[in-house]
Amino acid sequence: MKIFQNLPHIDFMKYKTVALAISWGMILLCFLWIHPWKGASARVKLGMQFTGGIDMMVAFKGNVPQEEVRNALYAGGVRDAAVVAYKDKPGVTTFSIKVKARKGQDEKDSSIQIKQITDALKHLDAKAASDHRMDLNTESVGVIVDSWMKQNPLGAQGDETALRQTYEPWVNKVIRAREKASPMTDYNQLPSDLPAPLRASLEKDYRLGNLTILKNESFSPSISGEWTLKTLSAVGWALLAILLYVIFRFTVSFSVGGIVALIHDVLMALGLFVLFGFEFSVPVVASFLILIGYSMADTIVVFDRIRENSHKPEYRRVDIVKLVNDSINQTLSRTILTSLSVLFVALCLFIWGGHALRDLSFPLVVGVITGTYSSIFIASPVVVFWDHTFGGKDKLKQHA
Amino acid sequence: MSKRSLWRLIFTTLICVACAYFFVPLSKVRLGLDLKGGVHFELEVQGQEALEADLRDTRDRLTDRLKEKGFPEVVARVDGMAVKADGIPVERQPDVQRIVSQGFSGYDATFTDKGVTLLQKSSYQKSLKDDANKRALQIIENRINQFGVAEPEITATGAEGNRIVVELPGVGDAERERIKGLLTTPGRLEQRLVAKQDPTQGMGWPTREAALARFGGQLPPGTELLAQPLSEREARREGKAWTAPGPGQPDPIRSWVLVEEKVYVDGADITKAEPSINPQTDQHEISYVLNRKGADDFYNLSGIAAEENRRIAVVLDRKVVSILWCKEKIPGGAVRITGSFTKDEAEDFALKLKSGAMRASMKFLEERAMGPSLGADSIAAGVRGALIGFLAIIAFMVFYYRWSGVNAIVALTVNLIVMLGLMGSFHAVITLPGIAGFALTVGMAVDANILIFERIREELSNGKSVAGAIQAGFDRVFWTIVDSHVTQLVAAILLFIFGTGPVKGFAVTLTVGVVASLFTSIYISRFIYDWILERHPGTKTLSI
Numbered sequence: 001m002k003i004f005q006n007l008p009h010i011d012f013m014k015y016k017t018v019a020l021a022i023s024w025g026m027i028l029l030c031f032l033w034i035h036p037w038k039g040a041s042a043r044v045k046l047g048m049q050f051t052g053g054i055d056m057m058v059a060f061k062g063n064v065p066q067e068e069v070r071n072a073l074y075a076g077g078v079r080d081a082a083v084v085a086y087k088d089k090p091g092v093t094t095f096s097i098k099v100k101a102r103k104g105q106d107e108k109d110s111s112i113q114i115k116q117i118t119d120a121l122k123h124l125d126a127k128a129a130s131d132h133r134m135d136l137n138t139e140s141v142g143v144i145v146d147s148w149m150k151q152n153p154l155g156a157q158g159d160e161t162a163l164r165q166t167y168e169p170w171v172n173k174v175i176r177a178r179e180k181a182s183p184m185t186d187y188n189q190l191p192s193d194l195p196a197p198l199r200a201s202l203e204k205d206y207r208l209g210n211l212t213i214l215k216n217e218s219f220s221p222s223i224s225g226e227w228t229l230k231t232l233s234a235v236g237w238a239l240l241a242i243l244l245y246v247i248f249r250f251t252v253s254f255s256v257g258g259i260v261a262l263i264h265d266v267l268m269a270l271g272l273f274v275l276f277g278f279e280f281s282v283p284v285v286a287s288f289l290i291l292i293g294y295s296m297a298d299t300i301v302v303f304d305r306i307r308e309n310s311h312k313p314e315y316r317r318v319d320i321v322k323l324v325n326d327s328i329n330q331t332l333s334r335t336i337l338t339s340l341s342v343l344f345v346a347l348c349l350f351i352w353g354g355h356a357l358r359d360l361s362f363p364l365v366v367g368v369i370t371g372t373y374s375s376i377f378i379a380s381p382v383v384v385f386w387d388h389t390f391g392g393k394d395k396l397k398q399h400a
Numbered sequence: 401m402s403k404r405s406l407w408r409l410i411f412t413t414l415i416c417v418a419c420a421y422f423f424v425p426l427s428k429v430r431l432g433l434d435l436k437g438g439v440h441f442e443l444e445v446q447g448q449e450a451l452e453a454d455l456r457d458t459r460d461r462l463t464d465r466l467k468e469k470g471f472p473e474v475v476a477r478v479d480g481m482a483v484k485a486d487g488i489p490v491e492r493q494p495d496v497q498r499i500v501s502q503g504f505s506g507y508d509a510t511f512t513d514k515g516v517t518l519l520q521k522s523s524y525q526k527s528l529k530d531d532a533n534k535r536a537l538q539i540i541e542n543r544i545n546q547f548g549v550a551e552p553e554i555t556a557t558g559a560e561g562n563r564i565v566v567e568l569p570g571v572g573d574a575e576r577e578r579i580k581g582l583l584t585t586p587g588r589l590e591q592r593l594v595a596k597q598d599p600t601q602g603m604g605w606p607t608r609e610a611a612l613a614r615f616g617g618q619l620p621p622g623t624e625l626l627a628q629p630l631s632e633r634e635a636r637r638e639g640k641a642w643t644a645p646g647p648g649q650p651d652p653i654r655s656w657v658l659v660e661e662k663v664y665v666d667g668a669d670i671t672k673a674e675p676s677i678n679p680q681t682d683q684h685e686i687s688y689v690l691n692r693k694g695a696d697d698f699y700n701l702s703g704i705a706a707e708e709n710r711r712i713a714v715v716l717d718r719k720v721v722s723i724l725w726c727k728e729k730i731p732g733g734a735v736r737i738t739g740s741f742t743k744d745e746a747e748d749f750a751l752k753l754k755s756g757a758m759r760a761s762m763k764f765l766e767e768r769a770m771g772p773s774l775g776a777d778s779i780a781a782g783v784r785g786a787l788i789g790f791l792a793i794i795a796f797m798v799f800y801y802r803w804s805g806v807n808a809i810v811a812l813t814v815n816l817i818v819m820l821g822l823m824g825s826f827h828a829v830i831t832l833p834g835i836a837g838f839a840l841t842v843g844m845a846v847d848a849n850i851l852i853f854e855r856i857r858e859e860l861s862n863g864k865s866v867a868g869a870i871q872a873g874f875d876r877v878f879w880t881i882v883d884s885h886v887t888q889l890v891a892a893i894l895l896f897i898f899g900t901g902p903v904k905g906f907a908v909t910l911t912v913g914v915v916a917s918l919f920t921s922i923y924i925s926r927f928i929y930d931w932i933l934e935r936h937p938g939t940k941t942l943s944i
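Residue numbers (my numbering), protein chains in the order written: chain F, 1 to 400; chain Y, 401 to 944.
Isolated chain F, as found in the complex (with noise of 0.2 Å):
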């Protein structure tokens, strides 16, 4: 099977006017409608690790609205948390928990805050009120086994490292069990096999809250800044780095085009993540520098043609507008098959990833379409515009 029968010759030279004027006007109004001038009021959604904060991922058994754990926050002193909803399963629901460091607040408040936010949705608990036992889906691993060790359910004989070498095992073994239910809702979700002295131990100690923190994240204010500072130099110098080997494998057109190109990607991706609602966090700039090097990889691909073609007795004599044309026709049919399948996979991550891989794969998503456009319309077309420029007749070829 086969995309083009015989080779295109689409003239893609002639619209570059149109295709620069659409695509960086689109970056424009991206940028004015987020106006990132504007500091705290930009619309930028920062992750705590930028701002400093708390983080917090923590499930519901059943149907909890998210008005509902918002008020219960508000009714315990925080005032100011973000609360998302997510149904990644049925009968569970899953909230993300923000709350923004506050200036000049000590390092030392973080574990109170998280404590406070614990206990304001432990409300949410109706049975908890009237059962005091602790809360199997939330107690750790520690806990459970200091327990059955003082309480010793199935007799067993020796120091106290045999008798956790006894339990541990059945301890980690309810664990998965719980990691599986998130949360247990039944004491029948235990293990089956399970002897009944200690399954007896859990029902009698344990009752089964409907709550279970997943995930608890504080983040310094004061180091914040510093992990602004690092993602910013590391796109810098990636950025650097590329353009250094260009230059050196290509010439300084291809390498500006290059660059123009990656600029060009990396900030409509910027626009569209933050239109979209997405929040930066350090694994999403990780997903932005993939996409450099993707796009970069994808221009290379029809440079490297263009190079070659330099080098063909046909191309001696022709403008350097036709021989970029060709190249980039020749090339069109890998360009457009490589794209697709790297946009399926991006696509599936993005919708069957989870939320946690949502906002990275995104970039991905929004990357490889234009990083294939951008290096037709954008990073072609300054090659052509430098070398028109600054090159003379035959400079590109006689570099290349």
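Stretches of chain Y that chain F covers, calculated by requiring three or more beta carbons in the stretch to come under 8 Å of a beta carbon on chain F:
1) 760-766
2) 785-794
3) 826-835
4) 842-851
5) 876-888
6) 905-919
Once the Cα atoms are required to be at most 20 Å apart in a straight line, the calculated SDA-like pairs of lysine to any residue come out as:
7) F:K150 - Y:Q683
8) F:K100 - F:T228
9) F:K180 - Y:I779
10) Y:K428 - F:P169
11) F:K100 - F:V284
12) Y:K743 - F:S147
13) F:K230 - Y:R563
14) Y:K580 - F:I223
15) F:K150 - Y:I677
16) F:K122 - Y:E577
Don't read these hints as lab results, they were simulated from the structure.
Note that the Cβ used here is the ideal one computed from N, Cα and C, for glycine as well.
Since chain F is already given, all that's left is putting chain Y on it; use the hints.
Below, chain Y without anything else, positioned relative to chain F:
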């Protein structure tokens, strides 16, 4: 099969088997904290405190030396970041100069008509801070090891080496607070004399204000007020109400005790410490053994205490944990602290003593606790997403390139095996972004195959023979593939340098993916074609 093909087959198989060794069974694959669950701390050593501690040591040493050399009244004091000793007559300053030049090499001394001021040299400050960092790292390692966490990761980072990252897989939320407490307290044990005072006055005062009022708002020189916390057990025994303080709240205080500023025995001199139970009183105790220097110091201390009928305060992290009676000089350096401790307190206390004293406390920069169920969900979703993507690509390649597509699939599969093997071989950690990285490198590897196939098609349509087209296809795209892979590699390596935690995991996956993809697309695909050509020499068609 020709000898060359056979060797290539053996080589490829060997590589696959070697790689499989590193990740079969799958439990060998190391998962990051975001997937496995656990606790991650990033701490910063407060180097400033080490400087201050050294100032206090210097103050005590200077006072002692001055006393020895005939200045019994001169008491040195800490003033900001300097140690000052006033009341030294100008004519006797050469004596002082000698003292300072002999025993205080880290300090610059300036003399005034009033006395002498010692300031830390900047090189000395740097070495103090470095020492504090090293000690903190060592001590954290000791404490964590004794806490019994499996596979802890403790590494020093930061430009000045003053950051410590602690990763404890499998530690739950409940233990987090206890570990946090264990990590932040310096564990600085000091033994000092309780200040001389009116015997009618009891052991201490209920509030700081009451104590200050007793001395007319001004403490006697060379003394300070330290709090003695009220422990749970003590409160119960004395019939007082006891509520556990919340995190971040101070412990309830039993009394304020006036102690001398001078430290006689330092925690650094402890060689052994363990919790024990006193069979007579059934109380938890801590016994410890001091080294030679510590034993000598303690001998002197107990001597003064016995002679002057004074008591010894055991101070841990500027809190009085115990007050000892001493009837006679105690040689040998075996000491037992009979405070009122709970079992956990006694254990943690002994642990801190055993692992030595930190020179500075820690500040928490970052603290993350992830439940394992979040990881399980993420893995399931991430693997599902990546798998669907992989299958979609396989289906597409076979549909579009027919038999050559199968070639690509073999290459992709080997690619995956090599990637997992490489990651396993240097114990790389798979993180959540890493799963995305996996999927993406599959996309990249496909790109290399597509480049080759498209080129072969082009050469075929230019009228080349099958063998010639394959030859030309691979040769022509070789540098294209190298170029595009190297740019990706550059991005990946920078990610590794600048990234932390999960991002580093992403970078590793990507780097490994690029290397694996280079190998499979250039070597494996080529090998398969060559092999087929060998079996059907002079074939006129190629399924592509």
